[in-house]
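If you're matching them up, the sequences are chains A and B in order.
So for the first sequence, our numbering puts the first residue at 1; every next one is plus one.
So for the second sequence, our numbering puts the first residue at 1; every next one is plus one.
It is possible that some hints are incorrect.
[As the list claims (entries may be wrong)] Subject to a maximum C-alpha distance of 20 angstroms in a straight line, what follows is the list of computed EDC-like cross-link-like pairs (lysine to aspartate or glutamate):
1. A:Lys-42 <-> B:Asp-62
2. A:Lys-39 <-> B:Glu-89
3. A:Lys-93 <-> B:Glu-100
4. A:Lys-93 <-> B:Glu-46
Source of the hints: derived by calculation from the structure; they are not laboratory data.
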Amino acid sequence: DIQMTQSPASLSASLGETVSIECLTSEGISNDLAWYQQKSGKSPQLLIYTTSRLQDGVPSRFSGSGSGTRYSLKISGMQPEDEGDYFCQQSYKYPLTFGSGTKLEIK
Amino acid sequence: EVQLVESGGGLVQPGRSLKLSCAASGFTFSNFYMAWVRQAPKEGLEWVATISTHGTTTYYPDSVRGRFTISRNNAKSSLYLQMSSLKPEDTATYYCSRHETRMGLDYWGQGVMVTVSS
């Protein structure tokens, strides 16, 4: 199975601050990496797929990058509505696997 | 508008069975792979199963293989998860999701809670 190591586990950011979340995979996944946001008490929502493609309706302050075994999600200008949990996930091979999550809060 | 609505959750004793359903609307159900993902209380996400467009191919992680069965009825735009030999560690919210292979899980239902306890 492909192991997903996500960091940090938690993060506190001020309004307007740029934040980054990293995801390391145990083997190359050919950019088949997605990011999800889950707000408190809600279902996860797809933010980014194939490393860097924004899902429809996702604000442009979200961006993704990476290759090989190292991927990241960046939020350029933290907003109150960005509070929540973020998960990375690989679709390169079964079993699909997720990172352990990052809790993002407003400072 | 894509909608996925799960049902069938509840409290069940260890070793018993339970079947979850997911009613899909707003897209051509038969054109898409579908999946189940679960989330234990205060925990992360765990993929549980995926089924191909016509149900001919299914995928499971080791944690549920042989106990859980994913199926679908394209005529009814419905997805199912038959869970047997349930264990306390299967306690979680179960989400139905549309699975765009190599892209991810692009739509999710609201989730249904399953509690396995005596």
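Check: Which of the numbered hints are not met once you compare them with the structure shown?
Finding: Violated hints (numbers, rising): 1, 2; every other hint is consistent with the structure.
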